[in-house]
Structure formats: structure tokens, C-alpha cells
Amino acid sequence: MGLFSDDDDATKTPRTDNIIGNLKGYLDTRIDLMRLEVQQKVKGAMVGTMHGAAMAGIGLVFFLFLNLFIALLLNEQLDSSYWGFGIVAGFYLVLLIVFVVGVDKKVFQGVADKLLDNTIYKSDKRQA
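Using this note's numbering, you'd call the opening residue of the sequence shown number 3 and step up by one each time.
Keep in mind that the hints were calculated from the coordinates and are not lab data.
There may be inaccurate statements among the hints.
What the hints assert, rightly or not - Straight line, CA to CA, 25 Å or less: simulated SDA-like cross-link-like pairs of lysine to any residue:
#1 K116 - G92
#2 K43 - V63
#3 K43 - V100
#4 K116 - D106
#5 K26 - E39
Claimed, not checked - Cβ pair distances, simulated, as ranges:
#6 Y94 - L35: 30 to 40 Å
#7 L76 - I99: 16 to 26 Å
#8 D119 - K26: 52 to 62 Å
#9 D119 - L62: 36 to 46 Å
#10 F65 - L117: 48 to 58 Å
#11 Q41 - F93: 23 to 33 Å
#12 V44 - I72: 20 to 30 Å
#13 A58 - Y28: 36 to 46 Å
#14 Y84 - M48: 39 to 49 Å
#15 G50 - V113: 32 to 42 Å
#16 I22 - H53: 15 to 25 Å
#17 D19 - V113: 56 to 66 Å
#18 A58 - I22: 47 to 57 Å
#19 H53 - G23: 39 to 49 Å
By construction, the Cβ of each residue, glycine as well, lies at the ideal position given by its N, Cα and C atoms.
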């Protein structure tokens, strides 16, 4: 018989073993639940990112073809092969100058704050 034998341990009873087993099961279940919640949030973020990228790509192609259409339409109206493209390019140059000189970043910050206000907490079901 050693100093730490099982025969001398009077604290281990079937009741404490049951409580410890239940506690281990509870902790395992909580860990699995947290893993599933994280997995669900990551999956949602991935789907949102992929959807946004696809929409941005389609929107960019639409925007480019619309600008080509406008430039070619102006070329035909002006009976020229390049003035329509120059006018469209000039329009975007003026737009760029207006944004660089006239529009402050605080305007965009305010819009972003309103759009993203408490978005993290809106999907949290545990918050009351």
C-alpha cells in the first residue's frame, strides 16, 4: 500500500464522480457550442464577403459598359471618334477634383457610423 492509494481516498464517492462527470460534460458541451457559434459567424462573414465581391464585380462591369456606351453615344452625336471619351474622362476628372478638394472625410465617417452602428450587437441573441 502506497501513500496515495485508492483504498485510502474516502472523498471519492459515486455522487462526487457523478457531479464531476456532469461538470465535464457541461464544459464539453459549452466548448462545442462556442465552436459552433464561431463557425456560424465565420461562415456568415465568408458568405457576405463572397456576395459583396460578386456584386461589386458585376457592378463594376456594368459601370464600365455604361461609360463606354455614353462615350460612344457622345462620339456619334459629335461626329468624332474621340471627343465622347474625352468628355466622359473630363467628367470623372471634375468629379475627382470635387472629392479631393471639397468633400471632407468626416462626411464619409458620419455615413459609415450610421450604417454600421451596433451591427455587432444586432446579431447577438444573448443580449437583452
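Here's how the hints hold up against the structure:
At roughly 33 Å between alpha-carbon atoms, K116 and G92 are farther apart than 25 Å, so this suggested pair is violated. Between the alpha carbons of K43 and V63 the distance comes to roughly 30 Å, so the proposed pair goes past 25 Å and is violated. With a C-alpha separation of about 39 Å, the suggested pair K43 and V100 falls outside the 25 Å cut-off, and the hint is violated. For the hint pairing K116 with D106, the CA-to-CA distance comes to about 17 Å; that is within 25 Å, so the pair holds.
With a C-alpha separation of about 20 Å, the suggested pairing of K26 with E39 holds against the 25 Å cut-off. Between Y94 and L35 the beta carbon distance is about 51 Å. The supplied range of 30 to 40 Å is therefore violated. With their beta carbons about 21 Å apart, L76 and I99 fall inside the hinted range of 16 to 26 Å. A beta carbon spacing of about 41 Å between D119 and K26 contradicts the range 52 to 62 Å that was offered as a hint.
At about 28 Å, the beta-carbon gap between D119 and L62 misses the expected band of 36 to 46 Å. For F65 and L117, the hinted distance range of 48 to 58 Å is not satisfied, since their beta carbons lie about 21 Å from each other. At roughly 47 Å, the beta-carbon separation of Q41 and F93 lies outside the given 23 to 33 Å, and the hint is violated. Under the hint 20 to 30 Å, the C-beta atoms of V44 and I72, about 42 Å apart, miss the expected range.
Roughly 45 Å separates the CB atoms of A58 and Y28, a value that falls within the hinted 36 to 46 Å. For Y84 paired with M48, a C-beta distance near 44 Å keeps the hint of 39 to 49 Å intact. Hint check: G50 to V113, Cβ distance near 19 Å, so the stated range 32 to 42 Å is violated. Range check, I22 to H53: Cβ separation about 47 Å, and the 15 to 25 Å hint is violated.
The hinted range of 56 to 66 Å is satisfied by D19 and V113, whose Cβ atoms lie roughly 60 Å apart. The hinted window of 47 to 57 Å between A58 and I22 holds, with their beta carbons roughly 54 Å apart. Range check, H53 to G23: Cβ separation about 45 Å, and the 39 to 49 Å hint holds.
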